[in-house]
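Produce the entire structure from the sequences given, and follow the hints as far as they go.
Chains as they are written, first to last, in the working numbering: chain B, 9 to 430; chain P, -7 to 216.
Misleading hints may appear alongside valid ones.
Unchecked claim - Quick list of in silico lysine-lysine cross-link-like pairs, DSS-like style, CA-CA up to 27 Å:
| # | chain 1 | residue 1 | chain 2 | residue 2 |
| --- | --- | --- | --- | --- |
| 1 | B | K113 | B | K160 |
| 2 | P | K123 | P | K191 |
| 3 | P | K169 | B | K312 |
| 4 | B | K169 | B | K113 |
| 5 | P | K64 | B | K304 |
| 6 | B | K304 | P | K191 |
| 7 | B | K169 | B | K158 |
| 8 | P | K169 | P | K123 |
| 9 | P | K169 | P | K191 |
Calculated from the structure, these hints are not laboratory results.
Predicted model only: the values in this text are computed from it and were never measured.
Listed below are the residues making up each chain.
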Amino acid sequence: MAVVGILACVFSFTFAYQEARELQDGQLNEFAALIDSHALALTTTRSSVESSLDSDVKVVIDKLSETSRGMSRAAGLTIPRAMADGFHDLDGSGQSWRVNIRTLKNGERIAVAEPSALRDEIARDGAMRTLVPVLLLMPVLFVVVVVIVKTKLAPLSNLAKVVDQQTDASFDPLSEEGIASEVLLFVRSINRLIGWLKEAMSHQRRFVASAAHELRSPLAALSLQAGNLGATITSPDARERLAAFQSGLRRTHRLVEQLLALARSEQAALEQPAAWSLSAAVTEAINVSIGLARAKDIDLGIEKIDDIEVVVDAPSMAVVLRNLVDNAVRYTPDGGRVDVSAFEKAGELVFEVSDTGPGIPESELERVLEPFYRLAHSTAPGSGLGLSIVTEIARRAGGRLSLANIPGGFRARYVQPLARTT
Amino acid sequence: MRILLVEDDEMIGNAIVQALQDAAHAADWVRDGDAATGALLGQEHDAMLLDLNLPHRDGLDVLRSLRTGGNKLPVIILTARDGVNDRIGGLDAGADDYLVKPFETGELLARLRAVTRRLSDHADTRMASGKLAVDAATHIAVYDGTACRLTSREFALLSALLTRPGTVLSRAQLEQKLYAWEHQVEGNAVEVLIHGIRKKLGASVIRNIRGVGWLVDKDDNHAL
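Set out below in C-alpha cells:
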C-alpha cells in the first residue's frame, strides 16, 4: 500500500512537472510569435524588453545583433549570435536561463528568455499541488482497506478457531453461515476433508473394536482348551510342557491387549473425565502385577498415596498405572523391590514407580519410548509397547512421562495437570 | 450344578462345555439370545454363563428381561468387548460377575463357585487355593499340612481372601466382609484376626502387600 502510494506520488509529480515545463516553453514561443506578427512591438530605442510588473516573474526579450546589449546584458545574460533557433538552457551571471531564439520574418533574430529557477519553481509548485489529493486520500484509503479486510476475514479467523478446537472426538463440519462467497468454496473443501477424517477415524475405531473381539475369541478358546488338556494329563513331563504352552498363550494374550491399548490410545476419544479414587486405582494396578511379583519374590507395595478422588479420564489413567507397575515388576530381578506412589502435587497428578532393577542406559532412555523397542540385553518377556502406550496417553492428556536412573534402581514418573480434586 | 451356557462361538462353547463337564457340572449350551430366554423358562439351572455378543438378541437384553422377571439366577458375563462402560453396563443390568476373554478354566470355575455359593446351601463347601483349603461347614482350615478350626470371624476373613486368591484386598474391603458378618468392627480388627490366623496356620498363609492389603496365594504364579 505504501509502495503503491509512493509510486502514485512519483508518477503524478513527474507528469505534472513535465506538463508545466511544456506549458512554459509554449508561452515563450507565443511571445516570440506575437513579436513576429507585430502584435507586440519591440521599439527601436529599446532593443530588449523586460516584463517587470512582478519582481518574481520576469521575461526578457532581446534582439540579437552584432553585440548583445540592453536588458539582456543588464540581466547578466549574454546570448551568442551564432546560437541556432529553438530552446536553449544558458548560464548567465548568477542564474540560468531558458532561452527561445527565433528568426523573425523580417530577418531579425530575437531571444525570449526566462530564468530557469523561476520556471522550475512554478513547475514544482504546480506539480506538488497535484500530490495533495493523493496524500490526503492515502491514510483514509489505508483505514478503509484495513477495516474492509478485517470485516471480510473475521469469519475466516473464527473458522480457524473452530478448526483448532477440533479433537478427534468431535470433527464438526465448519459453519457456512456468514462466509463470503470467495471463501465458501474453500470452507466446503475443508468440510469435505473433515468428513473424510471423521469417517477414517470411526472406521479405525470400528476396526479396533472388531479386532479386539476377533483376536480375543480364539485366544479364549485356546486357553480353555489348554486348561481342559491339563485336566486329563497326569505325567509330570506333559504337565511341564503344557505349562510352557500356557505361558506362551498368556504372552500372546498380553501382546494383543497391549496392541489394542496402543491403538485405542492413538485414536479413541478420551472418555468423559470422572471421579476416580487414587487408592482403589493403585490397588487395582498392583493386583494385576501381584501374581508376577509373588512369583519373582518381589516386594511390591505402596510407598505414598493420597487418599483422594481425582477427576480424570479413568480408563486411560488406569492403563498408565498398570503399564508403569507392570514394567517395573517385569524388569526388576527376583527378590527386588517396587514402590508405587500416587499423589497430588501443585495441582498435578503424579504417579511414581521406582524399582531396584538395573535401569536403562542413558543412551537408550529416549528410545525405550518407541513402539516395540526392547533393551539389547533384556531377557524379560515383554511386548515393548508399555511405555509407548503411556507416552501416547500423555500426549493426548497433556501429561508427561519422565524416566530416570536413580541410585540403586530406576524411576518412572508420570505427571498430568489436574482439573480439580474432590 | 447345572449351568446354562449362552455362547455363539463354536470353539469357545465346546471348550467351556468340556471344562464344565470335567468339573462335574452339567452344561446346557445355547447359541443365541432367544434360545437362552427359552431355556431359562424351565428354571432348572444353577447359573448362567452369558456371552454379550449374540446373534438376534443382545446378551444384555437377555439379562435385563431375566432380572425384570424377578429371576435371581447367578449370571457371569463372558465377553470379548473391552471398555469399562461395557463392564458397568453388564453389572448394572444385573450380572453377578464379569469375565473378559480370554480367561482360563480355573478362573472360570472359581468365579462360578463364588457366585453360586452365595445362593445355594447345597453348593460345594470347600474352598481351596494352593496349599490352603477351608471347609465352610466345619470352619476347619488346612494349610501346608497344618489343620485347625477357625473362629467364625477368622473364617469370614479367610474366606473373603479365598474368594479371590491372588488378589489383594484392602483393609476397607476386608472390614466390609466382616461387617456383613458382625455388626461391630474395631479399629484394628483386621490385623488382630490376621495375626490369629497366622499363629494357627503359619505366617505365610496370608501375605501382606505393603500399603495395599492382604492376599492368599493363587494356585500358580506363572502369570507372565
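For a quick check of understanding: which of the numbered hints are violated here, in increasing order?
Numbers 1, 4, 5 - these are the hints that the structure violates, sorted from lowest upward.
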